[in-house]
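Residue numbers (the numbering used here), protein chains in the order written: chain L, 1 to 468; chain V, 1001 to 1346.
Because the hints were derived from the structure by calculation, they are not lab data.
On a predicted model such as this, the values are computed, not experimentally measured, just so you know.
Virtual Cβ for every residue (Gly too), placed ideally from N, Cα, C.
Any given hint might turn out to be false.
Below, in silico cross-link-like pairs of lysine-lysine (DSS-like), each with a Cα-Cα straight-line distance of 30 Å or less [stated by the list, open to error]:
(1) Lys-174/L / Lys-42/L
(2) Lys-1247/V / Lys-412/L
(3) Lys-258/L / Lys-162/L
(4) Lys-154/L / Lys-54/L
(5) Lys-42/L / Lys-154/L
(6) Lys-162/L / Lys-375/L
(7) Lys-162/L / Lys-42/L
(8) Lys-412/L / Lys-368/L
(9) Lys-1262/V / Lys-308/L
(10) Lys-258/L / Lys-412/L
(11) Lys-1262/V / Lys-368/L
(12) Lys-308/L / Lys-161/L
(13) Lys-162/L / Lys-174/L
(14) Lys-1262/V / Lys-324/L
(15) Lys-375/L / Lys-1105/V
(16) Lys-375/L / Lys-1247/V
(17) Lys-193/L / Lys-324/L
Residues from chain L shown here face chain V by an in silico Cβ test under 7 Å; the list is partial [said to hold, decoys possible]:
(18) Ser-409
(19) Ser-414
(20) Asn-415
(21) Asp-416
(22) Leu-418
(23) Glu-446
(24) Met-449
Pairwise CB distance ranges, derived in the manner of DEER restraints [what the hints assert, rightly or not]:
(25) Pro-442/L / Thr-1027/V: 48 to 56 Å
(26) Lys-154/L / Gly-1244/V: 54 to 62 Å
(27) Val-377/L / Glu-1343/V: 57 to 65 Å
(28) Thr-1027/V / Glu-32/L: 53 to 61 Å
(29) Gly-1244/V / Pro-192/L: 42 to 50 Å
(30) Ser-1303/V / Pro-192/L: 54 to 62 Å
(31) Asp-1277/V / Gly-194/L: 51 to 59 Å
(32) Lys-154/L / Asn-1292/V: 38 to 46 Å
(33) Thr-401/L / Pro-1033/V: 54 to 62 Å
(34) Lys-368/L / Met-1298/V: 47 to 55 Å
(35) Glu-1243/V / Asp-27/L: 54 to 62 Å
(36) Asn-1292/V / Asp-416/L: 50 to 58 Å
(37) Gln-1327/V / Asp-74/L: 25 to 33 Å
(38) Met-1298/V / Glu-428/L: 44 to 52 Å
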Amino acid sequence: MTDDTQDIIGDYKYGFHDPENSTIRFDKGLSEQVVRDISELKNEPEWMTDIRVKAYRHFEERVMPEWGNCALLDSIDFESITYFLRSSNKTEKSWDDVPDDIKNTFDRLGIPEAEQKWLGGVTAQYESEAVYHSIREDLEEQGVIFLDMDSGLKEYPEIVKKYFGTVIPHSDNKFSALNTAVWSGGSFLYIPKGVHVEMPVQAYFRINAKNMGQFERTLIIADEGSSVHYVEGCTAPSYSTDSLHSAVVELIAMDGAKIRYSTVQNWSSNVYNLVTKRAVAHRNATVEWVDGNIGSKLTMKYPSVLLKGEGAHAEVISVAYAGKGQHQDTGAKVHHLASNTTSNILSKSISKDGGRSSYRGLLQVTPKSTGCRSKVVCDALILDSDSRSDTYPTMEIGNSTSDLEHEASVSKVSNDQLFYLMSRGFNEEAAMGLIVNGFFEPFTRELPMEYAVELNKLLELEMEGSIG
Amino acid sequence: MMYHQMPIPPRSEHLWRYTPWPRIHPTKTDDVPSADDVIFSNDGPQVLNSIQPSQDSQGDIARAFLQAAGGSSSQMSLNDESEPIHINARASGHVAVGHLHLDVKGSAVVFLHISGEPEWVGLHITGNLHPNAHLAFGFINELDSNTKFLRCEDWQLDRDSSLEHATLSVGGFRCKSDLRTSLNGTGSSVRQSITVNADGSRHDDKHVEIHHHHGHTQSDLVMNSACGGNSHFIGTGLLTIAEGANKSDASQVFRNLLLSEKARAEAIPELEVLADDVSAAHGAASAPIDRNQLHYLMSRGLSPEEAQSVIVNGFLYDAFSNLTNKQLLEEMRTRLTVHLECELKR
């Protein structure tokens, strides 16, 4: 790595990049032909090509969102992005078969090690497509399907056709249209009735090339009475030009099923992270989003849950760290569409060095959904005078039998807490670090152990030099 | 910018999300009807002078419309006033518009009662609070239940001034209020209480903006609504703390009590904080009447209607509890009690 690159990267741990070694690379820019070419290259069924083309046309027609950080959104140059890049010709099942340079990357990210230890399954995506994928044999025997999305479409077209785009239609927003048009990779996970996947299932997404768009598409279906925990991590090297990550994640929890989806997003600070994540929870189902946002230049991500069946429950725990030049526009949306549904949202954010964090949430109770309960808590810490924190919550309550609460606070680190810790022998920086770790603790305790350790380390790195 | 040059605001702006401009405009949006005057009167010695209304619309379509529509325009200068001042605003006819400006240099208590049976009424209230001025302002909306009502307020607070602002909103069929306060001087503070009792198919949309432009400023907003029938209440708040406005202290609380199955309420208390050494918090809650409270009161001999009325009264009373000016507090609570008793007898 050159010194210049190091300057750009700073302390960003995953800022390395391997020499780009692609087997197929599309020209920059987007057109209907590019969309058709991606579909043809993947040998997709005609119905998928049609969906892609329809989505592309919608993307072209749809205006940019008129809310949020419009200045940053308008600076995205869709013509300078590469929409498809294949790094390896096939998805490898054995770690030994993965090309060396990609393997090096994932070794540095700790993927195989994690799998050897205890993870239920792993898929790793490099640029546009999955390059490594593995699932434990006992899960395979139980009928669990865990594939990259392209393989899922090839091997289980009927399931994909039934559920694809049902939770997030291509017309949902401009970026879901873009994703539907050019999606590549992502995870396809199906848990049969009554199967409980004890170990977390993991995916890792990495952008390596410059001006690259990553558009993974994830579809998780937990059939009746099943349960699964899916974990996702994201990194990218730092370049002076920007990359775009625009994923679509659809979760479907059938009656009595439980899905927990954990993410720690640590994109480098030149990535636009514009993601649509939504789940449907049927009767007595539970969906939990555990969402950490540390990296990226601009993140706009509002994990949502449609509580469609009576007794369904949604839980969203999210943290955001906005450092220099970053805007973390995150939040949660819960739609209570059935009676006696419940939800909890906990959001925590820290702004530092001129960073901006925004909570944007929606809590909706429809007129016919009686007896719903919900609680939303947002806490924000601002660590210096250049930073900013916003809260934009919305509560729409359509009937008189529901009980909803929202509370939010914005403050700086308490001098009393700092003083207390420093009187116990910590220097100011260590004391501040402890307080920040404690502030995020309700989030980290919900993560698998290795991710929690990782998150704490990342925060430590980010917090370095925060005093004085 | 003049009204005709302005685009219709999109619904993505939360100010116009639930009551879009075409729904509150008296006719069609490209029309500016010739407005009758809202008649302001005052029984006391203070003089209401006619003035030219302000031409600063702040880029807001509602303010620009009220300026374009004309109507009456009055100003009252207030120094240290020993007795509360009651200003009556009477509206009638098809479309009526009034502008009122208060220039406050001492301590005063002012009540503005708006009543009448116009089809549509628009009111633009502006106020300047000079250094060390203190104003307790009560707004009582007792318009006819078929009236559409648009109300805009702009308050500018200078150093060490304070505004206590209370609203009792019980009249009108469709109401849209956009109330803005700027804390421009160190030590300035605003306490704002809004009480809404909605019934039938009443639609009441209250938007409150409080901008902390300076440090050591304080704001406190409480908005309580009780919604019955098919009514719909919307409370949106925007609280901003500017860069460098350290030691600002701001809080917003929105509470909705839903009394019937078809009543609806929305709460959007927004915060934008650009300074670090501040205390800013907001809370929102929405719930039905507690059955245990109803049961307790009914076991003491109250009918279900009386028990509900007692609970609603207590709930709405509570919105005024952050007020410190006794005259303002008592007058607002008295008005509220009278209104609820009349409701109960109906």
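Among all the numbered hints in the text so far, which are the ones the structure does not match?
6, 8, 10, 14, 15, 17, 19, 20, 21, 22, 23, 24, 27, 28, 29, 32, 33, 34, 35, 36, 37 and 38
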